[in-house]
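Colleague: Protein sequences appear in the order of chains A and B. Each residue of the first sequence is one higher than the one before, counting from 76 in our numbering. Each residue of the second sequence is one higher than the one before, counting from -7 in our numbering.
Keep in mind that the hints were calculated from the coordinates and are not lab data. For every residue, glycine included, the Cβ atom is placed at its ideal position computed from N, Cα and C. Any given hint could be a false lead.
[To be verified] Simulated coverage check for chain B against chain A, where a stretch passes if three residues somewhere in it have a Cβ under 8 Å from a Cβ of chain A:
hint : stretch
1    : 49 to 61
2    : 603 to 611
3    : 656 to 662
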Amino acid sequence: MTNAIEQKNLKVIVFQLADKEYAIPVSHVKGIEKLMHITRVPKTMRYVKGVINLRGVVTPVIDLRERFDLPISGNEETTRIIIITLETMDVGFVVDSANDVLDIDAESIEQQPEVVGSLEEEFIAGVAKLENRLLILLHLDKVLNPLD
Amino acid sequence: MEVNQYLEMFIEESKEHLQACSEHLLELEKNPEDLAIVGEIFRSAHTLKGMSATMGFEDLADLTHKMENVLDAIRNEKIKVTPEILDVVFESVDHLEEMVYDIADGGNGKRNVQETVEKLKSIESGEPVAAAKAPTAPVAETPITSNANLKLKYDDFEKTVILQSSEQDFNAYEITITLREDCLLKAARVFMLFEILEKNGDVIKSLPTVDKLEEEQFDSEFHVAYISNEPAEDLQKMLMKVSEVDHVEVNEINQDVFKTSATSVTEEIAAAVQEVAATTEVAPTAPTTAPAEPKAATSTNGNKSSGGHTTSKTIRVNIERLDILMNLFEELAIDRGRLLSIAADVNHSELNETVERMSRTMGDLQNIVLTMRMVQVETVFNRFPKMVRQLSRDLNKKITLNIVGAETELDRTVIDEIGDPLVHLIRNSVDHGIESPEVRRAKGKPEEGTVELRAYHSGNYVFIEIEDDGAGINRDRVLQKAISKGVVTHEQSLSMTDKQINELILASGFSTADVISDVSGRGVGLDVVKSTIESLGGNISIDSTQDVGSVFSIQLPLTLSIISVMLVEIEREIYAIPLSSIIETSIIRNSDILNAHNQKVIDFRGKVVPLVFLEEIFEVPRQEQKDDGFHSVVIVRKGDKLAGLVVDSFIGQQEIVLKSLGNYLTNIFAISGATILGNGKVALIVDCNALMK
Chain A
76 MTNAIEQKNL
86 KVIVFQLADK
96 EYAIPVSHVK
106 GIEKLMHITR
116 VPKTMRYVKG
126 VINLRGVVTP
136 VIDLRERFDL
146 PISGNEETTR
156 IIIITLETMD
166 VGFVVDSAND
176 VLDIDAESIE
186 QQPEVVGSLE
196 EEFIAGVAKL
206 ENRLLILLHL
216 DKVLNPLD
Chain B
-7 MEVNQYLEMF
3 IEESKEHLQA
13 CSEHLLELEK
23 NPEDLAIVGE
33 IFRSAHTLKG
43 MSATMGFEDL
53 ADLTHKMENV
63 LDAIRNEKIK
73 VTPEILDVVF
83 ESVDHLEEMV
93 YDIADGGNGK
103 RNVQETVEKL
113 KSIESGEPVA
123 AAKAPTAPVA
133 ETPITSNANL
143 KLKYDDFEKT
153 VILQSSEQDF
163 NAYEITITLR
173 EDCLLKAARV
183 FMLFEILEKN
193 GDVIKSLPTV
203 DKLEEEQFDS
213 EFHVAYISNE
223 PAEDLQKMLM
233 KVSEVDHVEV
243 NEINQDVFKT
253 SATSVTEEIA
263 AAVQEVAATT
273 EVAPTAPTTA
283 PAEPKAATST
293 NGNKSSGGHT
303 TSKTIRVNIE
313 RLDILMNLFE
323 ELAIDRGRLL
333 SIAADVNHSE
343 LNETVERMSR
353 TMGDLQNIVL
363 TMRMVQVETV
373 FNRFPKMVRQ
383 LSRDLNKKIT
393 LNIVGAETEL
403 DRTVIDEIGD
413 PLVHLIRNSV
423 DHGIESPEVR
433 RAKGKPEEGT
443 VELRAYHSGN
453 YVFIEIEDDG
463 AGINRDRVLQ
473 KAISKGVVTH
483 EQSLSMTDKQ
493 INELILASGF
503 STADVISDVS
513 GRGVGLDVVK
523 STIESLGGNI
533 SIDSTQDVGS
543 VFSIQLPLTL
553 SIISVMLVEI
563 EREIYAIPLS
573 SIIETSIIRN
583 SDILNAHNQK
593 VIDFRGKVVP
603 LVFLEEIFEV
613 PRQEQKDDGF
623 HSVVIVRKGD
633 KLAGLVVDSF
643 IGQQEIVLKS
653 LGNYLTNIFA
663 ISGATILGNG
673 KVALIVDCNA
683 LMK
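Only chain A is shown next, with the shape it has when bound in the complex (with noise of 0.2 Å):
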């Protein structure tokens, strides 16, 4: 299901990560949310950055800059949570900005080029050239399991 290869014709969510554009299968997104209080967990992995109120049900975060060991930023007025949901799990992602929905044809997307060196290539699904633009497709269940 995750993996978005062997889909044919896919829907993705398409948001912006420092100067990059990432895709999510859309069946995985319950929805996109504008920045609201981020309340601090302690003691767990760097990267979550705490749980929110999604409309009563207590909801954790995901910063995906630091989950990717991309330069943290401040947040902006486009930054949103993409809620997402795998399996039993409801988890949101803090994004830059997101505003597109494509449709991507299953054979315009490539496997990962192998000389990519960066932290981030674990997660990635694969490419997705689009006329001049290029999508990274996720692998959700890798971003959301710990690496260790």
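Chain A is fixed; fit chain B onto it per the hints.
Modeller: For chain B alone, kept in the frame of chain A given last:
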């Protein structure tokens, strides 16, 4: 068939029916003559049988069927209710319960119940209980291997009818009809066969009973007792005309068998029948009621609707949906707060009025939403009468169980957890508390012991108490044992109150198997009871007077989803500390803090209490160090250990709705959950137990 879809409903309903069976059986034991109760049990069993057959749980259906036969015999006054018979029926219900639980756990509901089935069969066929008392000749299911002449058994009434009919030159037959194995519409064939029979005479009885035949609850063979003036041969031919009938056997009932009184042990069936016949009086009303059964066969639907259950005015709701409702409601409550403040700002009278009215409605709504999860404690209590009955029979004791306050309501989550501890405590009272009748007599007590199970509300708590008038706890022996087990030291024991000593039996390490018989029996696994109750945020205490009795008192929070907490602030973060762990709050000076082995401690009423700086534990980021020379401390306890949690300030006490952190964040150190505050922000709940070793 889509079985899974109905499985949950099946399990719930089965449990309900079995519960109803147990309750009515207990009632029946008290009023063995009241056949209306048997009817109730029969109905529950019957529904259960139908349901389990539909769901494909053959074993379950089969055992229920056997039990039903016995009940049917009781209902038709062929067997008298005796404690022995009830034992077997209770045993069946126990088995059925096990089967249902097995199914609920994902099993297939299979279970070896051969012994019980044999017992049921022998009751049904009148041995040993009925064999001794001839007039209670029961209905028998046909023994397949038996070649006995009579396949059916008759009660006094039916015998009278048969005898009478012969006086009027009618013949009495026993007809065995076998349908073809591949018969498609068994009920329709039965109907046609009965129609033929009714045209030519009267059906006295059938095996299985007519309503079971209607529901196709038989293999391929059934038996009918029949009175007619047609010769056997003609009858046989007429019946064979119905298609899909494999075989028809018409045997004349030898009425001499009814009249003579020769008794043979090997043929109890005949023997029972004969004796009855000997004492039979002629009942003139017989023929008018005899055809009642066949008539029922023709009015399939009308019969069922009239005998239906009284439906209760409740519906089943998935608890998850209630949680969703609760979440949505909280959202609404937060918006209400905002609306109220907006309305105050705008100061528009109509707006104010509307918001106020909405606010009031919300208050009512809140009440309803919160009480929707409440379940009467009866759902747990109602299994105990049966249990106590069984235990007292097993132990040869006389015990009455009184239940008070079964209507007291508790949150569903608490209800689910409290059952096992209660079973333990009641067993304990029955087994070790109440003395045997002889001992009780010697002590000058009534032979019959009493166990009372009470539930009541008090404040934000529900109390459940188990009181017995038994032997009580032997203080000295408990102490001896506790000291020898190393649970307490001799010095400690000197300053202990009786109550504290009683409660030693709840201590872990106290209860080992060999203690049971030793120390007045009390103590097996009670530490588990204690820990379960404490995990529910409850509390258990024991009062006991030797030779007078004991009271086990359990205090439980009304609900687990709403708890009282103390909100505290550290820097700008708000944490909730459950009130159940808090002893008190206090403000201490810097100078009050002492150092002991790198551990900061305070002297709290003569006790050395370690300090826990929550700011350090929770790594709260500080903008600037503040030190005004005072600290706010919340004194919390875990068992008899104390600790002082140092915070910046107290906000106050509040009722909060407990929330989990979800499946992603599990096992966060010292955080047991979260809640949503009035301002919509999330606050974390401190797990005090994790802070104390």
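Colleague: So, for every hint listed, does it hold in this structure?
Modeller: Taking the hints in turn, this is what the structure says about them:
1. 49 to 61: Since three or more residues must qualify, the claim that chain A covers the stretch 49 to 61 of chain B is violated, with 0 doing so at under 8 Å.
2. 603 to 611: holds (count 3)
3. 656 to 662: It holds: at least three residues are needed, and the stretch 656 to 662 of chain B offers 5 whose Cβ sits within less than 8 Å of chain A.
Violated hint: 1 only; the structure is consistent with all others.
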